[in-house]
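Trainee: Starting from the structure of chain A, add chains B, C and D with the ligands where the hints point.
Each chain is listed here by its residues.
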Amino acid sequence: MIDSQTPCRDLEVLSCRPGSDPSLVNLILSAPGWTCRPGQFVMLRPAQWGAELIWPRPFSVCDVSDDGLRILFQTVGRGTRRLAELVPGQKVTVWGPLGRWFRIDESRPNLILAGGVGIAPFVMLARRERRDNLSMLFGHRLDLQHYPYDEIAASIPSEAMQQKTPADIAAFETVLSDRIRALAGKGQVLACGPEPMLKVVRKYCLEHGTDGQVSLENRMACGVGACLGCVAKTIQGDYVQSCVHGPVFDVRDIELGA
Amino acid sequence: MIDSQTPCRDLEVLSCRPGSDPSLVNLILSAPGWTCRPGQFVMLRPAQWGAELIWPRPFSVCDVSDDGLRILFQTVGRGTRRLAELVPGQKVTVWGPLGRWFRIDESRPNLILAGGVGIAPFVMLARRERRDNLSMLFGHRLDLQHYPYDEIAASIPSEAMQQKTPADIAAFETVLSDRIRALAGKGQVLACGPEPMLKVVRKYCLEHGTDGQVSLENRMACGVGACLGCVAKTIQGDYVQSCVHGPVFDVRDIELGA
Amino acid sequence: MDQTVKLGSLTLANPIITASGTFGYGLEFMRYGDLSKLGGLCLKGISLAPRTGNPMPRIAETPCGMLNAIGLQNVGVDKFLAEKLPYIPADATLIANLYAQTPEDFGELAAIFAHEDKIAALEVNISCPNVREGGVQFGQDPHMAAGVVSAVKKRAGAKPVIVKLSPNVTDVRVIARAAVGAGADMLSLINTLSGMAVDIRTRKSRLANVVGGLSGPAIKPVALRMVHQVVQAVNVPVIGMGGIVSAEDVLEFILVGAHAVQVGTYNFMRPDNAFRLVDEVAALAGSLGIGSWDEYRGTLKV
Amino acid sequence: MDQTVKLGSLTLANPIITASGTFGYGLEFMRYGDLSKLGGLCLKGISLAPRTGNPMPRIAETPCGMLNAIGLQNVGVDKFLAEKLPYIPADATLIANLYAQTPEDFGELAAIFAHEDKIAALEVNISCPNVREGGVQFGQDPHMAAGVVSAVKKRAGAKPVIVKLSPNVTDVRVIARAAVGAGADMLSLINTLSGMAVDIRTRKSRLANVVGGLSGPAIKPVALRMVHQVVQAVNVPVIGMGGIVSAEDVLEFILVGAHAVQVGTYNFMRPDNAFRLVDEVAALAGSLGIGSWDEYRGTLKV
Ligand SMILES: Cc1cc2nc3c(=O)[nH]c(=O)nc-3n(C[C@H](O)[C@H](O)[C@H](O)COP(=O)(O)OP(=O)(O)OC[C@H]3O[C@@H](n4cnc5c(N)ncnc54)[C@H](O)[C@@H]3O)c2cc1C
Ligand SMILES: Cc1cc2nc3c(=O)[nH]c(=O)nc-3n(C[C@H](O)[C@H](O)[C@H](O)COP(=O)(O)OP(=O)(O)OC[C@H]3O[C@@H](n4cnc5c(N)ncnc54)[C@H](O)[C@@H]3O)c2cc1C
Ligand SMILES: Cc1cc2nc3c(=O)[nH]c(=O)nc-3n(C[C@H](O)[C@H](O)[C@H](O)COP(=O)(O)O)c2cc1C
Ligand SMILES: Cc1cc2nc3c(=O)[nH]c(=O)nc-3n(C[C@H](O)[C@H](O)[C@H](O)COP(=O)(O)O)c2cc1C
Ligand code: FES
Ligand code: FES
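Protein chains in written order, with our numbering: chain A, 1 to 258; chain B, 259 to 516; chain C, 517 to 818; chain D, 819 to 1120.
Next comes chain A alone, as it looks inside the complex (with noise of 0.2 Å):
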């Protein structure tokens, strides 16, 4: 399905819509004619940007299909605040599907560790996978409506906390280690959230013994393996690509800082 001739096109905007919090918009355009698989990633590029931004933007998959790619985002800072802006009809360059994607184990149980805006290419996966040895534990920093979260819990087993203290964030950590410790040697995990997030979940996949697959969030400028701006250091001391050897990583094959 992957129009080999060249993967970059630009797509319009069908719509582009903050949710209840504003932070955090629904970016819907046309379709791409092609699939993908869950924690793939696309780079955008608004065909109108002038080169004040130099870097196309990465974002994963939150769902594709026929009726169009969807990207779920929040707004951080200049890029993605000019993503807010845009309006149906706008067109969008966008090259991908791009990397390596979350590796479902269909024969033991696989929990998805999603944070805030990291539950994006869980939607996609929820809706395709709709497994039994699935199911998601979901932190969160603002109200629960303004995720789709509800999208994913109709599919799966899922339970979401809260976190708005540093409480809050403690038992978070808590109920991580806990669920994590509980897969040792059974089943594994799935992260995709704020760095600090992974680099616990990842602490305690190692500590307990348990697999699981981190979806790292580098800055990158090319998003095909060119710049070597985007590395992860793997435990042998390299550096590799996290556009293509990731962003989705075994946690035992990479090093998070400090």
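Treat the hints with caution; some may be incorrect.
[What the hints assert, rightly or not] With a cut-off of at most 25 Å between alpha-carbon atoms, the simulated DSS-like pairs for lysine-lysine come out as follows:
1. Lys-233/A with Lys-817/C
2. Lys-199/A with Lys-817/C
3. Lys-233/A with Lys-897/D
4. Lys-233/A with Lys-1022/D
5. Lys-91/A with Lys-444/B
6. Lys-1119/D with Lys-491/B
7. Lys-457/B with Lys-1119/D
I should point out that these hints are in silico values taken from the structure, not numbers from a laboratory.
Mentor: Here is chains B, C and D with the ligands on its own, set in the frame of chain A:
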């Protein structure tokens, strides 16, 4: 009426509409709280411009009243193309009114010589002055209905000449020469238009000994006399800021390059 | 938080100074704000004799920046003292920006300004890329730089002398040390980067002078790097500039070690920007919990 | 119009070359276009031994530009020859970009590539600002630059040698002349400008390496000026680069005298940009009525 505290303010876009030809745009901003003289200009910078385009852009005040500030502009480059994309509600930083204006001779005939979008400052002049000693000759490239020609022709005697071919341009030049000669010692011309036209006007004014004022469109960075980037060369060989000593100059005071 | 900064004997109400050549004689901006609100104003470069400057076109817009080749047009020191200085409000902190083609003339200018009560400090421009003589050569050669600085210091009386450095050098620290060695009380940097823009249709340079000086946000990374280097190389206060267009940018320069900053091209983007910046910097410093500039300055972790 | 350009013994199908470090080994872009469509590809800098490169973060976005401090991470020449080169289509015009810390090692690399039929030319990187040894020092000192160039020329066999110059110098013509004097067949410029970006909240540099190299449209005016200067100073073909993001930009470099151009950061903005640019440049040249590159090159009126 000029607010002396700070004449720099954010006005709201009331409308921004291409005319029947899309390269000519009518921009209406909320009333600035000041009035001005025909030939004066403003510096415009949309509040949301980033830094890729550093400078504001100078435009003649086409008209100003309690209903708003009207600008008529032609899309010629990156800045004007981006201005053309403004939508109602967006903010534009405006400072002005700036510079020196066309001085009407109350006792003698005043002939307006407008070229293309150089008609802009005369809309206000014709509406305000409504005098018997005013008339206009308008040279234009696009069809007449694209310009606010009728608005002016409704108040003062006007005629228009279209220039599509080199022969048309030569014919226009001949008429310019005739009209300027006819006013020698009897009246003055007020000219605004592309630089080649202004050079011709100046040449004939000097040749025939006719009084004349021309409005220059030098590149400007600041609009307030500080950068010294917009200078015009005086006949004494000095450089003076056209944003404060102009943009309207007496043809006898300045040189206009070859 | 108290916004005051002390640069040796020069005390500024806040770290925001308008950069030479971008704020005229201050008079042009009096409609847009109160000059005494600024930490200081560097006046347009002044020479002994009037200068007509370069032919037009003199400016060109470039991505996130601009080129200028004004060529130091100015009315000359006599006319400046007679016709401009008296009209600048006495409560503004003024820094004269000196330009000359020989060390002797630099000294002459310094001697004249040494007696002007309204002038708080002298900035010596040895870094203008847009004039044929005495511009950037002085700023690219440590011996020539030192010669100019000594000549100025000898006749500057009690006025603090700021030496403005060029970025168009292999190692800015070499010139910085030479200037300080010759007596500079402070350094300011960067002046513009030498650059060019051309028109592929007319086949001409966009500047009559062919080359010009690049300023604006485009050059900020180069400016920050050089300020960072110079701060480590010398023991005098450093005034940073190059591409500042926000309160964040100001704090970046202070973080790498600048005592104060100058704001240039930003003045063109909106004539009251420098005045607004004073408030925005104060607000940002407050929101970051900065207790004083001395506490924050140069605390970059490397 | 025929897009071919001849740079001495090197003939390119068109003047568009992808810049080293921004186009990987070409392989990364094969999904996005036909490599043989490009005038040439400069490969990622290659050293004798593999290099892990600098720690993260390595890149930062700046106004109309970016900083990088990759630190020349590469698989080393052996692995490159074994695992990368065989997969690059034979109809692509490849330029190896050489990096070493001593003239001897540069010579060694040249000797290895001298025997590779698939390599059309060698580009000697004496201008990387992001490595501690052998990087920009070579490019800032005319004697060291000449030493490297001689060492490479001696062992490069028939391969044309391109020397890539640093913009972080007082006078780029001095290094240009030294490189040509030592036998450089061509020059390419500019490499990145040394720069910095910091985070006022974490008080850290945005690059683990603290300083990095600035590229992108922000630096185009500096690049154009230096190419203009170098073209006048030497008699070998010059390859211009720095901030090219459009067909107009390409023609600007040719107008000031470049034989060909390299396109770097633009490849990140969209992975098929270099391929599209080849067509856009041809169309623009046609619309301007340019009969051949020889006719247009260096026709800037000054
Ligand atoms: C594979 C991948 C998938 C992602 N998926 C999502 C997603 O589904 N939804 C979502 O909201 N976000 C996602 N992100 C993060 C998103 O790319 C960044 O939030 C965005 O690029 C920030 O751009 P900005 O200009 O708004 O921020 P900036 O103003 O540039 O910076 C704000 C912060 O974002 C970081 N940042 C800046 N540029 C990049 C960049 N190019 N890549 C990564 N981080 C950057 C900066 O270091 C800084 O901490 C993903 C990132 C990666 C690498
Ligand atoms: C006092 C004055 C009044 C003007 N009134 C009008 C008006 O009423 N309507 C109208 O359509 N135009 C008017 N102009 C011209 C208008 O300012 C320019 O067309 C506009 O700035 C071009 O911007 P750009 O980014 O689209 O063009 P660019 O892409 O920047 O360049 C296109 C052309 O415009 C010239 N130019 C670029 N920047 C400027 C600048 N800041 N000032 C002047 N010229 C520039 C360039 O040299 C080039 O030839 C006026 C100019 C002046 C000085
Ligand atoms: C139009 C213009 C004129 C300038 N004139 C002078 C000058 O007379 N003397 C001087 O020392 N610097 C002069 N400069 C340099 C600025 O003071 C400042 O060093 C430079 O613009 C970098 O700061 P910025 O990026 O904030 O503009 C001038 C800059 C510009 C843009
Ligand atoms: C991420 C990155 C990596 C680079 N790596 C190299 C390199 O290995 N060797 C080299 O000679 N130049 C390297 N460069 C410099 C570019 O080849 C080019 O000289 C510079 O980026 C200016 O061109 P641009 O503005 O078009 O990007 C690198 C540039 C970037 C942005
Ligand atoms: S983003 Fe460029 S190598 Fe990964
Ligand atoms: S536009 Fe700056 S002096 Fe006129």
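Trainee: Just pull the numbers of the violated hints for me, sorted ascending.
Mentor: Of the numbered hints given earlier, the structure breaks just one, which is hint 5.
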